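Q: Chains A and B are the protein sequences, given in the same order. Under my numbering, the first residue of the first sequence is numbered 1, with each subsequent residue one higher. Under my numbering, the first residue of the second sequence is numbered 1, with each subsequent residue one higher.
Heads up, some of the hints might be wrong.
Here are the simulated PhoX-like pairs of lysine-lysine, each with C-alpha atoms no more than 25 Å apart in a straight line [said to hold, decoys possible]:
id, chain 1, residue 1, chain 2, residue 2
1, B, 347, B, 431
2, A, 116, B, 423
3, B, 347, A, 116
4, A, 116, B, 160
5, B, 363, B, 423
6, B, 347, B, 152
7, B, 363, B, 431
8, B, 347, B, 363
9, B, 347, B, 396
10, B, 152, A, 116
Hints were generated in silico from the structure; no laboratory data involved. Note that the coordinates shown come from a computational prediction; the quantities given were computed from them, not determined experimentally.
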Amino acid sequence: MESLTALIIGALTAASVYLMLTRNFMRFLFGLILLSNAVNLTIFASGRMTKGAPALVPYGADAPLGPVGNALPQALVLTAIVIGFGLLAFALALAFEGFRRTGTVDTDELRYAEPKEDAQK
Amino acid sequence: MSWVLVMPIAVPFATAVVAYLARNFPAGRWISVAGSALSLIVSALLMIAVLDQGVIAAQMSNWSAPFGITLVADYLSAVMVVITAITGLATAIYALGEIPESTERLGFHALFQTLIAGVTGAFLTGDLFNLYVWFEVMLIASFSLLVIGGGKDRLDAGIKYVALNLVSTLVFLSGIGLLYGVTGTLNMADLRGAVAAAENQGLITVIAMMFMVGFGVKAAVFPLFFWLPASYHTPYFAISAVFAGLLTKVGVYALMRMFTLVFVGDVGFTHEILIWVSLLTMFTGVIGAAAQMDFRKILSFHIISQIGYMTLGLALYTPLALMGGVFYLVHHIIVKANLFFVAGLAKQYTGDTDLTRIGGLYKSAPLLAALFIIPAFSLAGFPPLSGFWAKYLIVKAAIELNMWFVTFVSLLVGLLTIYSMTKIWGYAFWKPHPEGFDPTPDRAPARVTAAMITPIAALAAMTIIIGFYPEPFVQFAQTAATQLLDPTDYVTTVLGAQP
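Can you build the whole structure from these sequences, using the hints too?
A: Structure, rendered in structure tokens:
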């Protein structure tokens, strides 16, 4: 199970790096989404995988009976997903507004903040 | 005891909520100022408590460490919280003059207070994952503030800033995940022992490098700084001042915290890398500034160059060097925010920040000229201003280690800083205005000028006070450095007395 997760994380990271190396900002954002999922899986896997032992307390008991899976990484991943969702929503809105105003998503053509030297003079 | 630690975070958040509700009324901006003043008071109370007890910690919801979230303040955290509150108050007052009503209606003050809350939270937390959350609070507020009320240039700058900062956050987050996988804890005090006891020290070093990259992007060190000069010259001056003063310093603080408290197993390797990174940061920053002809772009590159001095203080890793690093942090926040404030007022008077298109400020606004000279020369390290003592401590630490190359680069960068500052002085203040008119202060309403010049004067006064009476500040930095190098107090306060 761990090796399968590791392979998935590797594949996601490779795909995201490929996407993020393009000049198209939308592709960059898609790469970022994949990368954030790869990171979430990393956190999930770092809590060790246990098969068929959910962290549940049986009815009437105070503590889980016997060993259970680690619930903390799942809580962390949940937090990271929510935060990542908010940030990506902002980034997508920014990309859309940038496209609406400038008409391009090519980051090489976005030279409004830093005009080329000869354009300044 | 815990309220002392919670209030510096809670007050800006509460102010943000109230300021948001009142965003359509003129009262909204005064709520922001009042909230910032209140923040300063509660931060001062925190500082008093820390001076009294050394290190204080509070467990949120009474979940004992290392299981719950811990808030903890030692000397370094406390001084950063106080300086954040000071910068916050100065910016809130400055914003009274600069920020137009249309931007206020968009919720400017609420976003600004959220930013301050996020920065303060990052300084106070004792939990690694919680640090990530505070970074995100700070980031989302800074994203919005960067693009608020703007045109194409702000959107362009925002895209680059957002993209690079999101990547760095993901590197930081995966570092957290891997560190948890190795040690099974995320409490920073608990991590110190757990990391030292970890079997696979090679893996720990790899994780340490992930943290260095993640925080390095935030701190804008070489070669990860490209987002900074691409974005810091576009937003409102109040915003770029608070960004310049505080945001990169959160990265430096996080580096200082993690590489003195947790990642100290292989100092020869990690801190050696930091030395070279710092030297290159200092040098590329100052060379970049020399090539620029825009008031704010020059200042932006100087942020990078000054960051190098602070990380150098950490990298040399002696008591004197760390003391210099802490002193530098405090001095730099005040000076840098102030220089951006001056740039904003200079734009009010002359209508531009391009140095070739402005001039004559010395003749028409001698007070502003005097108030520029103080932070500018402090930045360059002229005695007896605050920057001199900061540089003196770092350079002395390098000399004591017989690192002559490091000493040489530090002094050279100081010299080149003077070059840039005299360039601004010569172009903006001394030379006559190219279009032949006197940039008169009358162009801005008196209310605006008063709101903008008050924080400039106050911060300049602080620079002078630190410069002429450095003794208490140096002693404070010395204690902070001692606490960083020997965090026994920190660990026992957080985890409770342990065998």
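Q: Now, for every hint given, state plainly whether the structure supports it.
A: Hint check:
| no. | hint | in the structure |
| --- | --- | --- |
| 1 | B:347 x B:431 | holds (16 Å) |
| 2 | A:116 x B:423 | holds (22 Å) |
| 3 | B:347 x A:116 | holds (22 Å) |
| 4 | A:116 x B:160 | holds (16 Å) |
| 5 | B:363 x B:423 | holds (17 Å) |
| 6 | B:347 x B:152 | holds (20 Å) |
| 7 | B:363 x B:431 | holds (9 Å) |
| 8 | B:347 x B:363 | holds (15 Å) |
| 9 | B:347 x B:396 | violated (38 Å) |
| 10 | B:152 x A:116 | holds (15 Å) |
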